[in-house]
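Generate the whole structure from the sequences, applying the supplied hints.
These protein sequences, in sequence, are chains A and B.
The numbers in full-length UniProt numbering rise by one with no breaks, and the one at position 297 of the first sequence is 297.
The numbers in full-length UniProt numbering rise by one with no breaks, and the one at position 29 of the second sequence is 29.
Hints in this document: simulated from the structure, not taken from any laboratory.
Backbone N, C-alpha and C define an ideal beta-carbon position, used for all residues, glycine too.
Please note that a few of the clues may not be correct.
To be verified - Dumping the calculated BS3-like pairs for lysine-lysine here, alpha-carbon to alpha-carbon at most 27 Å:
(1) B:K475 x B:K443
(2) B:K16 x A:K320
(3) A:K7 x B:K141
(4) B:K114 x A:K320
(5) B:K467 x A:K320
(6) B:K437 x B:K401
(7) B:K461 x A:K7
(8) B:K16 x A:K221
(9) B:K141 x B:K114
(10) A:K320 x B:K494
(11) B:K451 x A:K320
(12) B:K114 x A:K7
Unchecked claim - Beyond 12 Å from chain B on every Cβ pair, some chain A residues (computed):
(13) Y10
(14) V73
(15) P122
(16) G187
(17) A225
(18) Q257
(19) R264
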Amino acid sequence: MLQFTDKGIYCPAGDFYIDPWLPVERAVITHAHSDHARWGSRKYLCQEYSVPLLKLRLGADLQVQGLPYGESVYFNSVQVSFHPAGHMIGSAQVRIALAGEVWVVSGDYKVEHDGLSTPFEPVTCHTFITESTFGLPIYRWQPQTTVFAGIQQWIQDNQAAGKASVLSAYSLGKAQRLLYNLRHVTGRFLVHGAIAITEQVVRDAGWPLPAVERITPQTPKEAFANAVIICPPSAVGSSWMRRFTPYSLGVCSGWMQVRGNMRRRNADAGFVLSDHADWEGLLQAVKATGAQRVYVTHGFSSVFARYLTEQGGLDAAEIKTAFGDEEEDTGNEPDTNHTVAGNGA
Amino acid sequence: MTDFVALVRIISNSTKTTEKLEALSHYFAHADERDKPWVLALFTGRRPKRTVNAAQLKNWCIQLTGLAPWLFEECYHTVGDLAETIALLLPAPSIQADPRPLHYWLDLLSQLEKADEAVKQQFVLQAWDQMDSAEKFVFNKLITGGFRIGVSQRMMVNALSKTYTIPAPTISHLISGEWNPRTITLETLLHAEEGQAPVSRPYPFFLAYPLETAPEALGQPSEWQAEWKWDGIRGQLIKRAGQLFVWSRGEELLTEKFPEFAPLASALPDGTVIDGEILTWQNDAPLPFAALQTRIGRKNVTKKQLQEAPVVLLSYDLLEWQGQDLRQQPLTLRRAALVTLVETLSLPILRLSPLIKFNDWDQLTAYREDARNNGSEGLMLKRAGSTYQVGRKRGDWWKWKIAPFQIDAVMIYAQKGHGRRSNLYTDYTFAVKDGDKLVPFAKAYSGLTDKEINEVDRWVKTHAVEKFGPVRTVKAEQVFEIAFEGIAASNRHKSGIALRFPRILRWRKDKPVDEINTLDDLKQLLAQYRS
Numbered sequence: 001m002l003q004f005t006d007k008g009i010y011c012p013a014g015d016f017y018i019d020p021w022l023p024v025e026r027a028v029i030t031h032a033h034s035d036h037a038r039w040g041s042r043k044y045l046c047q048e049y050s051v052p053l054l055k056l057r058l059g060a061d062l063q064v065q066g067l068p069y070g071e072s073v074y075f076n077s078v079q080v081s082f083h084p085a086g087h088m089i090g091s092a093q094v095r096i097a098l099a100g101e102v103w104v105v106s107g108d109y110k111v112e113h114d115g116l117s118t119p120f121e122p123v124t125c126h127t128f129i130t131e132s133t134f135g136l137p138i139y140r141w142q143p144q145t146t147v148f149a150g151i152q153q154w155i156q157d158n159q160a161a162g163k164a165s166v167l168s169a170y171s172l173g174k175a176q177r178l179l180y181n182l183r184h185v186t187g188r189f190l191v192h193g194a195i196a197i198t199e200q201v202v203r204d205a206g207w208p209l210p211a212v213e214r215i216t217p218q219t220p221k222e223a224f225a226n227a228v229i230i231c232p233p234s235a236v237g238s239s240w241m242r243r244f245t246p247y248s249l250g251v252c253s254g255w256m257q258v259r260g261n262m263r264r265r266n267a268d269a270g271f272v273l274s275d276h277a278d279w280e281g282l283l284q285a286v287k288a289t290g291a292q293r294v295y296v297t298h299g300f301s302s303v304f305a306r307y308l309t310e311q312g313g314l315d316a317a318e319i320k321t322a323f324g325d326e327e328e329d330t331g332n333e334p335d336t337n338h339t340v341a342g343n344g345a
Numbered sequence: 001m002t003d004f005v006a007l008v009r010i011i012s013n014s015t016k017t018t019e020k021l022e023a024l025s026h027y028f029a030h031a032d033e034r035d036k037p038w039v040l041a042l043f044t045g046r047r048p049k050r051t052v053n054a055a056q057l058k059n060w061c062i063q064l065t066g067l068a069p070w071l072f073e074e075c076y077h078t079v080g081d082l083a084e085t086i087a088l089l090l091p092a093p094s095i096q097a098d099p100r101p102l103h104y105w106l107d108l109l110s111q112l113e114k115a116d117e118a119v120k121q122q123f124v125l126q127a128w129d130q131m132d133s134a135e136k137f138v139f140n141k142l143i144t145g146g147f148r149i150g151v152s153q154r155m156m157v158n159a160l161s162k163t164y165t166i167p168a169p170t171i172s173h174l175i176s177g178e179w180n181p182r183t184i185t186l187e188t189l190l191h192a193e194e195g196q197a198p199v200s201r202p203y204p205f206f207l208a209y210p211l212e213t214a215p216e217a218l219g220q221p222s223e224w225q226a227e228w229k230w231d232g233i234r235g236q237l238i239k240r241a242g243q244l245f246v247w248s249r250g251e252e253l254l255t256e257k258f259p260e261f262a263p264l265a266s267a268l269p270d271g272t273v274i275d276g277e278i279l280t281w282q283n284d285a286p287l288p289f290a291a292l293q294t295r296i297g298r299k300n301v302t303k304k305q306l307q308e309a310p311v312v313l314l315s316y317d318l319l320e321w322q323g324q325d326l327r328q329q330p331l332t333l334r335r336a337a338l339v340t341l342v343e344t345l346s347l348p349i350l351r352l353s354p355l356i357k358f359n360d361w362d363q364l365t366a367y368r369e370d371a372r373n374n375g376s377e378g379l380m381l382k383r384a385g386s387t388y389q390v391g392r393k394r395g396d397w398w399k400w401k402i403a404p405f406q407i408d409a410v411m412i413y414a415q416k417g418h419g420r421r422s423n424l425y426t427d428y429t430f431a432v433k434d435g436d437k438l439v440p441f442a443k444a445y446s447g448l449t450d451k452e453i454n455e456v457d458r459w460v461k462t463h464a465v466e467k468f469g470p471v472r473t474v475k476a477e478q479v480f481e482i483a484f485e486g487i488a489a490s491n492r493h494k495s496g497i498a499l500r501f502p503r504i505l506r507w508r509k510d511k512p513v514d515e516i517n518t519l520d521d522l523k524q525l526l527a528q529y530r531s
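Given below as structure tokens:
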């Protein structure tokens, strides 16, 4: 049903690619992150909430069609539909069915409801193609209420110490999750340009996000005192940050689970908050599909495939893809111009 | 242990010295008196005797979690720290217990020394089952040892100095040497009356900074004393109250490891302290460092080792004579007294580090170029009038090393690193050409910037061709310039050579693999500088 080619995951019967990394005629997109939604294809199909985000990332004149969750389109006789992946707004698993055989491509997903993205729904299939960003048992997430309580406490401690609270979070996805879940913690968010632009697009699409103030060269220094500030990871360590002094830097990422990663970021606080499934989440998702065959893409793919084979009795194999270049996926600092470019920051 | 766990968290997260210092001095001002000496011991490398080993911890964790051993290993290589890996894998606690102070756990751990494995296991499992993840991490660290979380000796000294308002050099001296955190309090340690100090107590070492300018910047040559810079173990030899003590710079007591020095117990008068370099020495010249390595890290020295790798002390300085602390005297006076002492004794195990006579800087520069032929790694420059100071200080003592050897080599294996390099491929193996083959000859971990490390990591992740446990074989494409200080023959390495301090000098993206150095190039270096 699907082939793994050097352009991406290909469906010959329907003649379309899923999240191709090279330009193709028809691209079916799981979500708007840049390692999954790449530039240059002729026609794009994605879940309807992703449409404005895709246009933001790839250009306003993009030829893109949106489809509600659960509705189908046909390419030749191949049925294609999108199902919630819970990773970010509009993120979807792609279900492909032909003559009674069903495959599902997960894209990126998390099983916990983040309050904003449509919650993950398992989709029964014969073959499941799953991500494995956090596919090791050391990655176990706390419920997000616990994590946000920790962030709230940290903000209060900073305010008591007369410091601004700077949270680093990826501009598309994580930043909106923070804004939504911290909307009662403060009435005022100051944000980096990259995040302001995304926020505007998401709010225009009708999502219930709190208002933000974009930081400009004209923003007076007094505005930063005790403030809650959100910036993309690429801004961390740049001279742009100096204006917030005194401040404390909190990094929100699944990689903060391991101390070394946190020390590498020079963060004052690390919050283990991820838009990817943890180990238990991955196992639970795989099991819920009922799939006998599992292909594992980006992350700890060889480990997870071996585990599913040995412990789960599944037919599992590792697949090399070009996914996993986004900040949260690699655990590394992205190159500065990689994240900010395209966001007009 | 709650306050200690909090201290560890602050220190290991903070990148700012002032913040760490603040946290430490706050801790010492408020912590349980019985915990304080333990914390000082843990953070200055005085690890309590290990009663449970790392392999046991690992096995118990595997049993408890039911993880496959290979999966545990994968986790460990990603986290890069065993104590932390275990803390992350263990289930949440099921026992509600009162929090216990740090010394409570350390005392119980020490009592396990002769206990059966089953007793140890029961104790550890029960401890785990009442701790959250952060506490488990610290508890595991107490067992595996090596609290390397970014606290330097100097920082500890400064924190204590701040809390107890005692000058830092005095603190440095008071906390050196042997003391037992179980029986001593910080009050006793830091307020010892003159004469009550333990006879074994060494002086803090005076260390040199590297000279990065031309020597002309130092002024008149006549104001300076030059010596070879020896590559051995910096040591302090103490004779007091009829006993001999040999300390390493890392404040490890080495007396038992070097029985050659035993005759000095009777030969030296009481109240003598000599600073020098412990070196393996034969026929008036040092042996390669590899020979000294056969003497380190072994409990019992064999006759064969004593014959093949005999050590001497090359004396640099006299710090105490007839019970008087000479450190505030000028170097010339200390040196004169040292010369008299060593020449009077005239023992083969106690030698002088010879002075290099020179009239101008050009002459000295020429000597430096010749350092390797003298079995040394450069020169030491000491101001003639200098006092013996505490720690690494600029101004009076400089080390002026020769430029390192350089070899262009290709990366062939990569492995993930530890600590702040967790989950990044940072540990590389390099090869040189030998005809059509590639021969691995060095491992190096340091020398790249964080940005370069990220780039290499990404490259390794996409160019790995084979996997052996945690090791990735990569396409032999990336060329690096490797620097090292010394080279010696070795039958333990495939290449037949062992390098001293190999590290990455720069990434040569411009260089094709067929232009790297060859095994013959290395063999020529070896032939040229064989001691």
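Results of checking the hints against the structure:
1. B:K475 x B:K443: holds, 17 Å
2. B:K16 x A:K320: violated, 40 Å
3. A:K7 x B:K141: violated, 47 Å
4. B:K114 x A:K320: violated, 52 Å
5. B:K467 x A:K320: OK: B:K467 and A:K320 at ~15 Å, within 27 Å.
6. B:K437 x B:K401: violated, 34 Å
7. B:K461 x A:K7: OK: B:K461 and A:K7 at ~19 Å, within 27 Å.
8. B:K16 x A:K221: Given that 27 Å is the threshold and the Cα spacing comes to 23 Å, the pair holds.
9. B:K141 x B:K114: Judged against 27 Å, a Cα distance of about 20 Å means the pair holds.
10. A:K320 x B:K494: violated, 34 Å
11. B:K451 x A:K320: holds, 24 Å
12. B:K114 x A:K7: Answer violated: B:K114 to A:K7 is near 63 Å, above 27 Å.
13. Y10: Holds: least Cβ distance 21 Å, greater than 12 Å.
14. V73: holds, 34 Å
15. P122: holds, 24 Å
16. G187: Given that every Cβ of chain B is farther than 12 Å from that of A:G187, nearest at about 29 Å, it holds.
17. A225: holds, 20 Å
18. Q257: violated, 7 Å
19. R264: violated, 5 Å
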